[in-house]
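S.K.: Read off the chains here:
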Amino acid sequence: MTYVALAYGFIWGAVFTYVLLVGRRVARIDAEIEDLRQRVKTGS
Amino acid sequence: MARPSWVSQAARIAWKDLHIEGRSREVVYTMGFMAALVVLVFSFAFISGQEVTVGPDAIAGILWVAVLFSGTVALSRTFDRERENEAIRSLLLSPVPRSAIYAGKLAATASIMLLVELLLVPLLAGLFSAAIWLHALWLGLLLLLGTIGFASVGVIFSAALLRARSRDALLGALLFPIVIPVLLAASRATATLLDPAAPDLDPALFWTRFLTALDVVFVVVGLWSFEPVVMGE
Amino acid sequence: MLSTMSSAQKSNTAFVVGLLLVLHGFFVVTLLVANAPLEKTMGIVQKIFYFHVPCAWLLMLSTFVCAAGSLAYLFRGSERGDRLALCSAELGVLFGLCVLVTGPLWARAAWGVFWTWDVRLTSSLLLWLMLVAYGLARRYGGAGGRRLASAMALFAAADVPLVYLSVNVWRTLHPTTKVVSSLAPGMRLPFFLSLAIFSALWGVLLTLRMRVERAQSRLLELTIVVEDAEEKSP
Chain S
1 MTYVALAYGF
11 IWGAVFTYVL
21 LVGRRVARID
31 AEIEDLRQRV
41 KTGS
Chain G
1001 MARPSWVSQA
1011 ARIAWKDLHI
1021 EGRSREVVYT
1031 MGFMAALVVL
1041 VFSFAFISGQ
1051 EVTVGPDAIA
1061 GILWVAVLFS
1071 GTVALSRTFD
1081 RERENEAIRS
1091 LLLSPVPRSA
1101 IYAGKLAATA
1111 SIMLLVELLL
1121 VPLLAGLFSA
1131 AIWLHALWLG
1141 LLLLLGTIGF
1151 ASVGVIFSAA
1161 LLRARSRDAL
1171 LGALLFPIVI
1181 PVLLAASRAT
1191 ATLLDPAAPD
1201 LDPALFWTRF
1211 LTALDVVFVV
1221 VGLWSFEPVV
1231 MGE
Chain Y
2001 MLSTMSSAQK
2011 SNTAFVVGLL
2021 LVLHGFFVVT
2031 LLVANAPLEK
2041 TMGIVQKIFY
2051 FHVPCAWLLM
2061 LSTFVCAAGS
2071 LAYLFRGSER
2081 GDRLALCSAE
2091 LGVLFGLCVL
2101 VTGPLWARAA
2111 WGVFWTWDVR
2121 LTSSLLLWLM
2131 LVAYGLARRY
2141 GGAGGRRLAS
2151 AMALFAAADV
2161 PLVYLSVNVW
2171 RTLHPTTKVV
2181 SSLAPGMRLP
2191 FFLSLAIFSA
2201 LWGVLLTLRM
2211 RVERAQSRLL
2221 ELTIVVEDAE
2231 EKSP
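Chains S, G and Y, in that order, give the protein sequences. Using our numbering, you'd call the opening residue of the first sequence number 1 and step up by one each time. Using our numbering, you'd call the opening residue of the second sequence number 1001 and step up by one each time. Using our numbering, you'd call the opening residue of the third sequence number 2001 and step up by one each time.
Simulated from the structure, these hints should not be mistaken for laboratory data. The C-beta atom is built at its ideal place from N, Cα and C for all residues, glycine as well.
If you anchor each label on the Cβ, the simulated ranges turn out as follows:
1. Y:Leu-2023 x S:Lys-41: 32 to 42 Å
2. Y:Val-2113 x G:Pro-1095: 56 to 66 Å
3. G:Glu-1227 x S:Arg-25: 28 to 38 Å
4. Y:Glu-2079 x S:Thr-17: 20 to 30 Å
With a straight-line cut-off of 16 Å between C-alpha atoms, the simulated EDC-like cross-links for lysine to aspartate or glutamate are:
5. S:Lys-41 x Y:Glu-2230
6. S:Lys-41 x Y:Glu-2227
7. G:Lys-1016 x G:Asp-1080
Please construct the entire structure, taking both the sequences and the accompanying hints into account.
M.R.: Here you go:
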């Protein structure tokens, strides 16, 4: 039974970690977009 | 003037490489040395005690692992001369069809590898009392097929890694997962051929056929993908 | 031009929605799996199979999608194809990892050893290694990294049936461990539902990852434009 829980848990953990990593990527892109917006504003 | 045929163009490229190699013999020496060393390393690693009792399975494995590792040496040199002086660009600017370049390079690299392998096999016979004379011609065929299978993928990767910094580290790492079926088929067939006590040669026949199919697939994919891969250089 | 950047925020919403849907599906599947009949010889451990097999299927699917994207990139210069190849390779590594962890866990519980050179597990390992190598080629392959990786993907896809066939024959010459191949009626629904949910998860992850990748490249283009403009009028 522990093996089943371990297996299931691993899949959940792996997918969740991946989603988190992608989420961090998205946050970084959002930050860079903000940065670009600021630069455009101060430029024009 | 008639345009030279595809075959003659490929042959010319192969001949050019072999001719240059014939002068320096650098690849043959380094690859040959590497292959012999791999075999020796295996001997030291796996053989214990006085008796050198290594079964045909192990001998076949040692042979093909040596081919694989030393073949990587040959492959990393395949485009070495094109790397210098941007020779690759002049080659690509010429009207030679890319697939002919690929075929020529494949032929040249495979020939060099085969030369080393033919010297390697007697070494194995000497070290491990391998029964290489049982089916010598078939063994030669296996060497040819396995080498082509390995080099057909390797030439593409070698070309693509032309400018990469971690070229040598990457080539083997990228190549090996893909050529494992080649290794498997070749070593299984060789093991059967080296076994004096084998009941029949059916496994060898199956694996030889399989290896041939593998070669066809890889060479076709190679011919096809060489141009777009090298185009970016 | 910058207004299109809000698509990144839009994708965040879609992200949450899609994930919630799949989570819901997961709970449904868990219940079904828990209630599915126990397999005769292996008992409760066999239930790993409901997650293990879909992950293996996704590994294969990812490989073929990666090869398709690579084909489009190599022969038609499709940037989108290249993005598709990258994203599906990532998912292939993710789900392949799941296969390679759940497989040995099952093997350990059922037969006492972690690795049995079972044909499917071994083929999955090789396929996974090829996808990892794909990632390495992209990251460290230098200028030609993307093309190299694309060529790799083509060879890998062509290799899939050959790897399976060769390992199968290789293993049948030795004693093999029996893998459950026939499904009892009570198991079919949870299995196919699990397969469907996992595939949906894969689809959702792929779509979102693709959007991130596309946003990334658009961002790069725009950054170049802005920097050019700044240089011209400081």
